[in-house]
Structures are given as structure tokens and as C-alpha cells.
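Now for the letters of each chain:
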Amino acid sequence: MPGKQDDTFVIGRVLDGDRDAFALLLERYEGHVSRLVAAHVPGQHVAEVAHDAFIRAYKSLAGYKPVKPFRNWLTTIALRSCHDFWRKQYRNRETPVCDMSDDGQQWLETAMAPGSNEVFESQVRQREAREVLDMALAHVSPMDRMVLTLTYLEERTIKEAAQMLDISVPNVKIRAYRAKRKLKVFLERCGIQGGAHEA
Amino acid sequence: MKRKNEHIHRLLKEVHANRPEWTPTPAWRNSVMAEVGTTNQVGITFEFSRLAPRLTAVAIAATIVIGVFATWTMVDVSGELYTALSNQAVLPTLMETMI
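From first to last, the protein sequence lines are chains A and B.
Just so you know, the first sequence maps onto residues 1 to 199 in the numbering used here.
Just so you know, the second sequence maps onto residues 1 to 99 in the numbering used here.
Simulated from the structure, these hints should not be mistaken for laboratory data.
Treat the hints loosely; a few may be bogus.
As the list claims (entries may be wrong) - Straight-line Cα separation of at most 20 Å, SDA-like style, residue types lysine to any residue; simulated pairs:
(1) B:Lys13 - A:Cys190
(2) A:Lys182 - B:Arg10
(3) A:Lys88 - A:Ser141
(4) A:Lys59 - B:Trp28
(5) A:Lys159 - A:Val169
(6) A:Lys159 - A:Phe70
(7) A:Lys88 - A:Gln44
(8) B:Lys13 - A:Lys68
(9) A:Lys88 - B:Arg54
(10) A:Lys59 - A:Val169
(11) B:Lys13 - A:Arg178
(12) B:Lys13 - A:Asp134
(13) A:Lys88 - A:Met143
(14) A:Lys68 - A:Lys159
(15) B:Lys13 - A:Arg35
(16) B:Lys13 - A:Arg181
(17) A:Lys59 - B:Asn40
(18) A:Lys59 - B:Gly37
Chain B with its partners taken away, still in its complex shape (with noise of 0.2 Å):
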């Protein structure tokens, strides 16, 4: 099995390395500089745009909803913690009056 595995690694090595070669022409050379002359620099290629279509999209839903989330809980917090504070206002203000 292991002589079959080398003999067929082997094989396909030899087809790739035997792919014929291609030589740039003056022809090409001058389509390139052509297209340079016309185009802009971007700068620094954003990261994000490296990573696949669709895990870029997922990516983007997640953090829109962890986001939502994030808001909705802070504004619950804080509604939590105003109640809390007023209760504490409140209850030295009822104790007094029923003193």
C-alpha cells in the first residue's frame, strides 16, 4: 500500500511539475503599465476583506446583535439602578413619617 501511495505521489508530482510555462510578452508588459496608468492606490487593504463573503456577513450579524443586546441590557441596568436608588430615597422619607 505504502509503494501504491509513493507511486501515485510520484505521479501526480511529475504532471505538475511537467505544466507548460508561460513567458510574459511585451504585449502583456504593456497592458499591465496601461492599467497602472489608470489606476488609483487604495493604501492598505481593510482586513476584514480578507476573510470569506460569508463569514464576513455572519461576523457583521453577530456583532449587530451582541450590540442590541449590549444596549438593551445597559438600559435595563440603568433603570434597575435608578429604582433601587429611589426605593433608597423613599424609605428614610416613609420611616421618618411614620416616626
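Looking at chain A on its own, in the form it has when it is part of the complex (with noise of 0.2 Å):
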């Protein structure tokens, strides 16, 4: 037996009935599972839906199949818990044209203005730049919401955007399209020309 046990091994321990064995997965991952998704919801959910992946992990593991690493499974399932949640939210939302806090508007008009390198270096405003960067995703659909991140903000390439989402790359690449479209036409609403580039 290996000094520390394969994923397969461990998951070969799970399907055998030894429930306790996922706490070995659990501990592996929790740091990539968090990150992951504490980088698509908002910070009082992380937990949530955090445990929401695991547990979705969990009881479709008899699905996994070893022929990707079981990291990249995992990181499909945790993407796939936040759209889940961002589907939630969007059902119960009212959809605003661009009514952002004064705070948010004030932000944003500071940040455009010229020689606004020091706004971010010194961290005050961060709350009032997430506003506005959360209203910006919030008029996109849950999964050009995902897309939109991965390429737009963490600029992933388009192939590892739709292999971490188990989609097709023509999705992906229609899907951040179509977002960035969405998300110039809310910053030119917001009286910011230009918006989102395409590319």
C-alpha cells in the first residue's frame, strides 16, 4: 500500500462502503474547492456551496471515471454547485437597469477618472469595486456568468474554460461573446463608454 493513498485507491474505499475514507478526499481538496468557489459567490455562501460540492462529489462518485484527474472532476461539480446557486438567486431577483449605491457610482467615476492607479493599490474601496463589478455579472445568465469569469476576469483560455464547465469550446466561446456584449452595454447604461472589449 502506497504511503499516501491515490485518489482512486481512496475512492475505491468509498464505493466499498468506508464512508470515512471521503474525509481523506475532503481534506486533499477543500483548499482548491474553496478558492474555486469563493472566486464565483459572494463571500457569506462560500461555505454553502462549498458543501454543496462535496456532497455532490460524493454522491456521484460511483460516476467517476479515473481517465481525467479527479481534481478536474471535482473542479466540474464545484463550478457546476455555483451556477447552481447563481440559478437560484436569478429566480428571485429584480432585475435593475443600473441602480447601483452612490457609493458604487461614485467608485466607478473615481476609477475611470485619469491617473486612478492609487484607487486599487489602496484597498479602501474594494466593497464599493465589487459592487459595481457584481451588477456588472448580475445582467448576464448564470452560465455566461461562469463563462464570463473564467475567460473575461481570470483569463483562462476558452478550451480550459469548457473542459473545467464540461462544455463544448463553441459554447464557451458563444456564451463569452454574447456576456461581454451584455457587459458593455451595462457599462455604456452606467455612462461608461467603451465597456467590455471583444476579443
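Starting from the two chains in their separate frames, assemble the complex, guided by the hints.
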């Protein structure tokens, strides 16, 4: 038996009924999943969504095929949990045109002013800046939001995003293009000419 | 315009990168393991369930309509075949009678 049991061996143990062995997978990947989830959902919901991701992984563990690393498989599950979180949120939302708070509007104006590089260095106005970004992302569908976050904000390749989300490359391309256009329209409505560039 | 676009892109990227991190706590780990202890594995997820609910409903409806149409067509075709074969059988008999 190897010193550090590999994922496939641990998965085998879990599937054989040793539920406690799942703690090994949890320990190994909790950091990865929590970082991933924290990048996609608001801070107060990260614990709940990460929890959901691990439970989903446990439930569908029998469906895992070791043709790709367990980490990648878990990444797709975690992102799907984030996607489902946004789907639930969007069902109950009221769509605002551009009703960000005065703080958010003020941040946007300051940030767009010439020589505004020090705005971020100060870290003082992160809350307002995040509000602007969240408002902008709220204008695209949950899946487009996931694609936009991965390709535009994290600058992952189309292929990488497709693998992470388990959707096709053309699908990612279309969604990325559509989401950037919506983002551009939103920023223009808020008085920012230019917006997201097509790429 | 291009510079402005790049500026916005950079700003949004920085905001995204500065999202607060979250570190799993022992209480969180225990809650996950407690749920694992009471949850049953369901095996391979049915592919259809991954589709959007509305798309799934439309796909099921379309399948039912196509199925009904195909059944109706097959019943009709079999009726046509029966008539054609009956005619073929009746025709020689009529001709024999006429001769």
C-alpha cells in the first residue's frame, strides 16, 4: 500500500462502503474547492456552496471515471454548484437597469478618471468596486456569468474554461462573446463608454 | 477607446482577484462528513438531468409528439398495405369470374 493513498484507491474505499475515507478527499481538495467557489459566489455563501459541491461529489462518486484527474472532475462539480447557486439567486431577483449605490457610482467615476491607479492600491474602496462588478455580472445569465468570470476576469483559455465547465468549446466562445456584449451595454448605461472589449 | 477598454478590463480583473478568501474550518469539515454519513450514493447521474429544466420539458414534449405521429403513420401504412394486398387478391378473382 503506498504511503499516500492515491485518489483512485481512496475512491475505491469510499465506494466499498468506507464513508470515513471520504475525509481524505475532503482534506486534500477542500482548499482547491473553497478557492474556486470563493471566486464565483459572494463571501457569505462560500461555505454553503463548497459544502454542496462535496456532497454532490460524494453522491456521484460512482460516476467518476479515472480517465481524467479527480481534481478536474471535482472542479467541474464545484463550478456546477456555483452555477446552480446563481440560478437560484436569479429566480428571485429583480432586474435593475443600473441602480447601484452612490458609493458604487462614485467609485466607478473615480476609477475611470485619469491617473486613478492608486485607487486599488489603497484597498479602501474594494467594497464599492466589488459592488460594481457584481452589478455588471448580474446582467448575464448564470452560465454566461461563469464563462465570463473564467475567460474575462481570470483570463483562462476558452479550452480550459470548456473543460472546467464540461461544455463544448464553441459553446464557451458564444457565451463569452454574448456576455462581453451585455457587460459593455451595462457599463455604457452606467455612463462608461467603451466597456468590455471584444476578444 | 482601446486604452479605456483595457483600463476597465484591468480594474474588473483586480476587483475579482481581490475577493476575500475563505478557509474551511473544522466545524465545516464536520458538517460535510456528518452529511456524508447520512447520504446515499446515487451512482451515475442521468445525463438528461444536466439539461436546463425548460429544455428538458420541450425535449420530452417533442419526443412524445414524434412518437404519436410515428405510431399513427405506421398504423396508417399498415392499413394501406392491407388494402393494396386485398385488392391484388380480389382482382384475379374478379377477372376469373368475368372470363
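The hints, checked one at a time:
no. : hint                : result
1   : B:Lys13 - A:Cys190  : 19 Å, holds
2   : A:Lys182 - B:Arg10  : 18 Å, holds
3   : A:Lys88 - A:Ser141  : 12 Å, holds
4   : A:Lys59 - B:Trp28   : 18 Å, holds
5   : A:Lys159 - A:Val169 : 6 Å, holds
6   : A:Lys159 - A:Phe70  : 18 Å, holds
7   : A:Lys88 - A:Gln44   : 15 Å, holds
8   : B:Lys13 - A:Lys68   : 30 Å, violated
9   : A:Lys88 - B:Arg54   : 15 Å, holds
10  : A:Lys59 - A:Val169  : 28 Å, violated
11  : B:Lys13 - A:Arg178  : 19 Å, holds
12  : B:Lys13 - A:Asp134  : 12 Å, holds
13  : A:Lys88 - A:Met143  : 12 Å, holds
14  : A:Lys68 - A:Lys159  : 15 Å, holds
15  : B:Lys13 - A:Arg35   : 16 Å, holds
16  : B:Lys13 - A:Arg181  : 17 Å, holds
17  : A:Lys59 - B:Asn40   : 7 Å, holds
18  : A:Lys59 - B:Gly37   : 11 Å, holds
Of the hints listed earlier, those the structure fails to meet are numbers 8 and 10, in rising order.
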